[in-house]
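Participant: As a plain string of letters, each chain reads:
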Amino acid sequence: DTGVSQDPRHKITKRGQNVTFRCDPISEHNRLYWYRQTLGQGPEFLTYFQNEAQLEKSRLLSDRFSAERPKGSFSTLEIQRTEQGDSAMYLCASSDRGYERTTEAFFGQGTRLTVV
Amino acid sequence: QKEVEQDPGPLSVPEGAIVSLNCTYSNSAFQYFMWYRQYSRKGPELLMYTYSSGNKEDGRFTAQVDKSSKYISLFIRDSQPSDSATYLCAMATSGTYKYIFGTGTRLKVLA
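These protein sequence lines are chains Y and Z, in that order. Here the first sequence stands for residues -13 to 102, numbered as in the working numbering. Here the second sequence stands for residues 2 to 112, numbered as in the working numbering.
If we strip away everything but chain Y, and leave its shape as in the complex, we get:
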């Protein structure tokens, strides 16, 4: 495995339904990030894990959103009671630990969510 893998690539759901996305980071990368990108905008930070610990959540991450990384490997992002405003590309990225250095983050192909 040479890159960050995300599943599914596309998801269409009805408003009010719950959805879950999965991210498999690059092997041995202990940092994992979720970003959201809407059309014409750059990615916006949602949350960050170091190993299994979720160390920061953005204010963009409302209480309908939850992310987990139970064993410090793959991660899931769940959106409950989806709204049309949740329609976006959800991007996962990973990086290795830099010992106080900000390291390069590598992104997956994203999951495109459409809420109808």
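Since the hints were derived computationally from the structure, they do not count as laboratory data. Predicted model only: the values in this text are computed from it and were never measured. We put the CB at the ideal spot given by N, CA and C, even for glycine. The reader is advised that the hints may include incorrect statements.
If you only want the chain Z side, here are some residues facing chain Y, beta carbon under 8 angstroms, derived [unchecked claim]: (1) P9; (2) G17; (3) A18; (4) Y40; (5) R42; (6) F76; (7) R78; (8) L89; (9) Y98; (10) T104.
Here are the computed lysine to aspartate or glutamate pairs in the EDC-like style, where the Cα-Cα straight-line distance is at most 20 angstroms [unchecked claim]: (11) Z:K43 x Y:D10; (12) Z:K109 x Z:D8; (13) Z:K109 x Z:E46; (14) Z:K99 x Y:E69; (15) Y:K43 x Y:E30; (16) Z:K43 x Y:E90; (17) Z:K99 x Y:E38; (18) Z:K57 x Y:E90; (19) Z:K99 x Y:E42; (20) Z:K68 x Y:E54; (21) Z:K99 x Z:E46; (22) Z:K99 x Y:E30; (23) Z:K57 x Y:E42; (24) Z:K43 x Y:E42; (25) Z:K3 x Y:E30.
Model the placement of chain Z on the given structure of chain Y, informed by the hints.
Facilitator: Only chain Z this time, still in chain Y's reference frame:
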């Protein structure tokens, strides 16, 4: 005012031209500067990663950082139609894990 400003374009150039893409920023604490390329409906691909000021070259790509002016640039030499994509700049402060992205510049290289 956004922390990172980037002209959305589109920028159209003929094949073989030198392309200059730029970002300005307001946070003087930014120390790490990245450029990503993103094709339509794909994830961002890391092109360049630089720390502090100065230049970095990788093949046809050159990244420049001018911290005194809070201005970064990406130059693409001998541009190709396959370079047509959106180019995102991203920045981070020292020891942080959160990137702040620009809105991206759409580039079209015409054959």
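Participant: All the hints need checking, so say for each whether the structure fits it.
Facilitator: Each hint tested on the structure:
Hint on Z:P9 holds. Least Cβ distance to chain Y is approximately 7 angstroms, under the 8 angstroms limit. Interface restraint check: Z:G17 against chain Y, minimum CB-CB distance 28 angstroms, threshold 8 angstroms, status violated. Taking 8 angstroms as the C-beta contact cut-off toward chain Y, the hint placing Z:A18 at the interface is violated, the least distance being around 25 angstroms. With 8 angstroms as the threshold, the beta carbon of Z:Y40 stays out of range of chain Y, its nearest partner Cβ sitting at about 10 angstroms, so the hint is violated.
Satisfaction of the interface hint for Z:R42 is found here, the shortest Cβ-Cβ separation to chain Y being roughly 7 angstroms, below the 8 angstroms cut-off. Using the Cβ-Cβ criterion of 8 angstroms, the hint placing Z:F76 at the interface with chain Y is not satisfied: the shortest such distance is roughly 20 angstroms. Violation of the interface hint for Z:R78 is found here, the shortest Cβ-Cβ separation to chain Y being roughly 23 angstroms, above the 8 angstroms cut-off. Taking 8 angstroms as the C-beta contact cut-off toward chain Y, the hint placing Z:L89 at the interface holds, the least distance being around 5 angstroms.
For the restraint placing Z:Y98 at the interface with chain Y, the shortest Cβ-Cβ distance is roughly 5 angstroms, inside the 8 angstroms limit, so the hint holds. Residue-level restraint check for Z:T104 holds (minimum Cβ-Cβ distance to chain Y is 5 angstroms; threshold 8 angstroms). Between Z:K43 and Y:D10 the CA atoms are separated by roughly 16 angstroms; this keeps the pair inside 20 angstroms, and the hint holds. Note on Z:K109 and Z:D8: the hinted pairing holds, with a Cα-Cα distance of about 14 angstroms set against a maximum of 20 angstroms.
Distance check on the hinted pair: Z:K109 and Z:E46 sit about 17 angstroms apart at the alpha-carbon level, within 20 angstroms; holds. With a CA separation close to 26 angstroms, the supplied pair Z:K99 and Y:E69 exceeds the 20 angstroms bound. With a C-alpha separation of about 12 angstroms, the suggested pairing of Y:K43 with Y:E30 holds against the 20 angstroms cut-off. As the CA atoms of Z:K43 and Y:E90 are separated by approximately 18 angstroms, the hinted pair is consistent with the 20 angstroms bound.
Taken as a hint, the Z:K99 and Y:E38 pair is honoured in the structure, with Cα atoms around 17 angstroms apart against an allowance of 20 angstroms. Between Z:K57 and Y:E90, the direct Cα distance comes to roughly 15 angstroms. Compliance with the 20 angstroms bound is thereby established for this hinted pair. Proximity of Z:K99 to Y:E42 is assessed by CA-CA distance (about 9 angstroms); at most 20 angstroms being required, the pair is judged to hold. Proposed proximity of Z:K68 and Y:E54 is contradicted: the alpha carbons are some 37 angstroms apart, above 20 angstroms.
The hinted pair formed by Z:K99 and Z:E46 meets the criterion: a straight-line CA distance of about 17 angstroms does not exceed 20 angstroms. Distance restraint check for Z:K99 and Y:E30: the Cα-Cα separation of roughly 9 angstroms lies within the 20 angstroms cut-off, and the hinted pair is therefore satisfied. The hinted pair formed by Z:K57 and Y:E42 fails the criterion: a straight-line CA distance of about 31 angstroms is larger than 20 angstroms. Distance check on the hinted pair: Z:K43 and Y:E42 sit about 26 angstroms apart at the alpha-carbon level, beyond 20 angstroms; violated.
Of the supplied pair hints, the one linking Z:K3 and Y:E30 holds, its CA atoms being roughly 12 angstroms apart against a limit of 20 angstroms.
Comparing the model with each numbered hint stated earlier shows that hints 2, 3, 4, 6, 7, 14, 20, 23 and 24 do not hold.
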